[in-house]
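Peer 1: Spelled out from the first residue to the last, the chains are:
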Amino acid sequence: MGFSESAGQATTEGQPASFIRRTTDAVRNALAPARARLGMLEVDTRLIGMIGALVIIWFGFNIAGHGTFLTARNLWNLSVQSASIAIMATGMVMIIVSRNIDLSVGSMLAFLGYTMAMLQAVWLPQLVGDQPQPWIWIVTIIVGIGLGALIGSIQGFIVAYGGVPSFIVTLGGLLVWRGLIFRYAQGQTIAPLDQTFQMLGGGTVGTRVGALGDIASWALGALACAAIVLSLIGARRRKRRYGFPTRPLWAEVAVGVLGCAAALGAVAVAISYPLPPNVADAVAKERGIPVPPGGFATGVAIPVLVLLIVGIVVTFLATRRQFGRYVFAIGGNPDAAALGGINVKRTILKTFALMGVLAAVSAAVQTARLNGAVTNLGTQNELDVISAAVIGGTSFAGGIGTIPGAILGAVVMQSLRSGMVLLLVDSPTQDIVVGVVLVAAVGLDTLLRRKSG
Amino acid sequence: MPQPAPETAPSPAPATTPLVQMRGISVSFGGVKAVQDVSIDLFPGEVVGLVGGNGAGKSTLMRTLSGARPADAGEIYVDGKLATIANPRDAKALGIETIYQTLALADNLDAPANVFLGRELLSRGQLDDAAMEDASRKVITRLNPNFKNFKSPVLRLSGGQRQAVAIGRAIQFNARALIMDEPTAALGPAETAQVRDLIRQLKKEGIGIFLVSHDIHDVFDLSERVSVMYHGRLVDTVNKDDVTADEILGMIILGKPPTKLTEQDKAQLHA
Chain F
0 MGFSESAGQA TTEGQPASFI RRTTDAVRNA LAPARARLGM LEVDTRLIGM IGALVIIWFG
60 FNIAGHGTFL TARNLWNLSV QSASIAIMAT GMVMIIVSRN IDLSVGSMLA FLGYTMAMLQ
120 AVWLPQLVGD QPQPWIWIVT IIVGIGLGAL IGSIQGFIVA YGGVPSFIVT LGGLLVWRGL
180 IFRYAQGQTI APLDQTFQML GGGTVGTRVG ALGDIASWAL GALACAAIVL SLIGARRRKR
240 RYGFPTRPLW AEVAVGVLGC AAALGAVAVA ISYPLPPNVA DAVAKERGIP VPPGGFATGV
300 AIPVLVLLIV GIVVTFLATR RQFGRYVFAI GGNPDAAALG GINVKRTILK TFALMGVLAA
360 VSAAVQTARL NGAVTNLGTQ NELDVISAAV IGGTSFAGGI GTIPGAILGA VVMQSLRSGM
420 VLLLVDSPTQ DIVVGVVLVA AVGLDTLLRR KSG
Chain W
0 MPQPAPETAP SPAPATTPLV QMRGISVSFG GVKAVQDVSI DLFPGEVVGL VGGNGAGKST
60 LMRTLSGARP ADAGEIYVDG KLATIANPRD AKALGIETIY QTLALADNLD APANVFLGRE
120 LLSRGQLDDA AMEDASRKVI TRLNPNFKNF KSPVLRLSGG QRQAVAIGRA IQFNARALIM
180 DEPTAALGPA ETAQVRDLIR QLKKEGIGIF LVSHDIHDVF DLSERVSVMY HGRLVDTVNK
240 DDVTADEILG MIILGKPPTK LTEQDKAQLH A
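In order, the protein sequences belong to chains F and W. Quick note on numbering: numbering that gives the first Met the number 0 labels position 341 of the first sequence as 340, and the sequence is numbered without any gaps. Quick note on numbering: numbering that gives the first Met the number 0 labels position 160 of the second sequence as 159, and the sequence is numbered without any gaps.
It should be emphasised that the hints constitute simulated quantities derived from the structure, not laboratory data. Take every hint as true, because none was put in to throw you off.
Straight-line Cα separation of at most 30 Å, BS3-like style, residue types lysine-lysine; simulated pairs:
1) 344/F with 32/W
2) 239/W with 255/W
3) 137/W with 238/F
Okay, the calculated beta carbon distance ranges per label pair:
4) 231/F with 236/W: 56 to 62 Å
5) 71/W with 225/F: 57 to 63 Å
6) 138/F with 120/W: 39 to 45 Å
What the simulated footprint calls covered on chain W by chain F, stretch by stretch (three residues with Cβ under 8 Å from a Cβ of chain F suffice, anywhere in the stretch; the number is not a length):
7) 83–94
8) 119–127
Ideal placement from N, C-alpha and C gives every residue a C-beta, glycine not left out.
All chains, please: the whole structure from these sequences, using the hints.
Peer 2: Next up, the structure:
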């Protein structure tokens, strides 16, 4: 009796595992020809997988929400909501790749956002008078970014040169930076902010809109296309010069066409979102023209433009500069990096300084969007930022991660939240779903990584 | 079976100035004296075998020369000039390259990135990956003509291929002195033969090599001189032609030069 029972248990325990294995094997085999083609494209298959997951999420919510998800308005809002998390996620990739963690980003963001709000709403006006000054927003941003670099460097210095684990240092930072806000204003909200500064949030002030409009948006799309094509040609030329194998021409053209289509498609969506009627009326009045039939185009939001610039700069640092190579080498094997003559400590310090700068950029976007600084600014942002990086394929074991992956990770997270809001799912349930998705995504990734060796 | 290279030329005549002189080197870890007052030399085009039991201090001594763990006391002269080696960069700047027993590879990076780790080729401030791949192809295929996998992380490579990457890194930058720590420990017979051929070839090019090894036969085949360490001290440095493998073994086990062996020691060895 006891024997047969234990035997039965063994089979029921064995079955799910072998079922999962059979299913993943079947999926892998079915996809084999497609994988061969994808291999020729030499694009990151993980990134393709993430885009696939995103498409499924978007269409799923659209069907469940009876067409409310895939609207220009919702996608435009989604882009703005994702931007501030995605900006910080690019820096978090570098931190996690080097086998560290930064838990303080939400508090840094609050401290920096508060400082920037105080500068433009209190300190600078006290200094130069209440008259709006055209340079106030520039000074604010420069000071904010400088301060971000400084406090990031302080944390990085303690981690790299003091030898205190980054988990502890940034856990301390999480408490310290938010606590410091109360020294400024005893918990008051600091508002209103400079009008030009507010554009960084993507909102509207009177007739001014924190977005590019139609002409500039198309120009941006064209620029993106040109950059994609030029970089493809450049890469091909470099390979030719050394006689390395290049991918087939059809693959080059396919990558170029897909890249351009994605860029122009995103622009088209942003353009098809019209300005709200009251803003459109005001704009028409100011320009002395009637409101066109489809309304005025909103275009690509400024926060998205900021994210684009940040994404390009950090990708450049990560893949084209020695700094990035060193960060990845340290994550892969810290001893090898040191024996190779790499200054490990200085490199670690720089990753935290970069994180501080990005927290400042994100703080500018978030305070501008709120038109003020509140004490709970950026609460729990550290968890969203880390989740975005990890969903985007960054490995906690170190040495693995990409910037575009982290940006996509942020969009995936925000899509889930925004989709559930449209479906009137309450906030605790949203947390449950996001938590499950986070663990499932990393679990699936680990499984596939182990399989493909 | 690879034929051993015919020994046409006699061992290179000792040049007047040693490439590397290590004088009175001592290293301590806490209270433990890992290396005590050791002095050894290396001439151009010469292989010096460094042997000893586990914990004899071979690797620790070599780490002072490679800059991984600077010495607590003693001096290092390169070309007769006093050298300061505080970190791996200093050693490399002096033309001293090291192939570590662990290979010291960043497993997540590809072969070219590992060959140029810490010394990347740049063009206009940016990594010149194509140039680094080109140079890596040349240096690695010289060691292993079948090496094809220049794009995948070195994690995916075989032991021999990883070794080729580590050796490629050491000889890419015109090394003058090479430290090889157990270079054949993880290799199969064919790959071991390749490494031996390479050592002979590098020797002909005038590179001085410190060969750290457990394998007496490796050391005996390849070295001109053999230095034996025992409990952190140098027992002696002997010309290979003056001793037998058994006598070296005796020095490793008993920590005494052959001339000082008593009958009792000999009895113990043969027991």
